[in-house]
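Asker: Starting from the given sequences, assemble the full structure and let the hints guide the process.
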Amino acid sequence: DAGVTQSPTHLIKTRGQQVTLRCSPKSGHDTVSWYQQALGQGPQFIFQYYEEEERQRGNFPDRFSGHQFPNYSSELNVNALLLGDSALYLCASSPLDSYTEAFFGQGTRLTVV
Amino acid sequence: RKEVEQDPGPFNVPEGATVAFNCTYSNSASQSFFWYRQDCRKEPKLLMSVYSSGNEDGRFTAQLNRASQYISLLIRDSKLSDSATYLCVAVNTGTASKLTFGTGTRLQVTL
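Protein chains in written order, with this note's numbering: chain A, 472 to 584; chain B, 12 to 122.
Rather than coming from a laboratory, the hints here were simulated on the basis of the structure. For glycine and all other residues, C-beta sits at the position ideal for the given N, C-alpha and C.
These stretches of chain A come out as covered by chain B in the derived footprint (C-beta under 8 Å, 3 or more residues):
#1 509-520
#2 560-568
#3 571-579
Answerer: Structural data, given as structure tokens:
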């Protein structure tokens with residue numbers, strides 16, 4: 472079992488650009504959540520997807536959007552990148568509402584210059 | 012005020028020491044609590060759940076005090092391999108398994 476996989480592992484983008492990050496959940500998991508972790512901070516919840524719908528959203532602007540595909544994999548899109556978007560982006564998968572079984576991917580480290 | 016608050020540390024302790032971390036939460040609707048461990052530049056991993064009755068796993072003991080909205084983690088006989096950031100997590104089961112993290116407490120165990 473490959474667990475939760477994210478791609479790419481590292482990414483450098485310029486202010487104003489757009490970025491897409493990808494996540495493949497652990498086998499048997501149908502729910503995907505995305506978190507942003509700035510340096511020295513804990514992860515902050517961005518949103519959660521289940522059955523291809525955004526189920527809940529944290530306090531992030533509309534520049535952050537996502538998608539879930541029929542195979543449960545997910546994408547996080549960020550438009551009009553700001554320097555403050557530089558962070559580790561973490562994907563977590565779980566069975567629906569089973570937070571004790573949430574597993575995180577290794578993350579994508581995004582640097583905006 | 013942050014929903015989950017922790018002392019960021021760092022806590023520098025010698026090998027074999029006992030160290031305790033504290034965490035407070037402000038949302039009284041929070042119903043489930045966890046400690047996660049995060050190694051440098053890695054993803055968080057679940058360390059243990061936290062219950063009012065206390066929860067022990069080897070050298071690790073977690074405790075929840077709902078009246079004070081306070082969570083603790085005790086590590087006995089610290090090992091070099093315990094060096095990491097420890098994240099306190101609250102879950103409000105009304106919000107569909109969203110994990111609310113504290114900023115984390117950094118622990119450095121030295122020889």
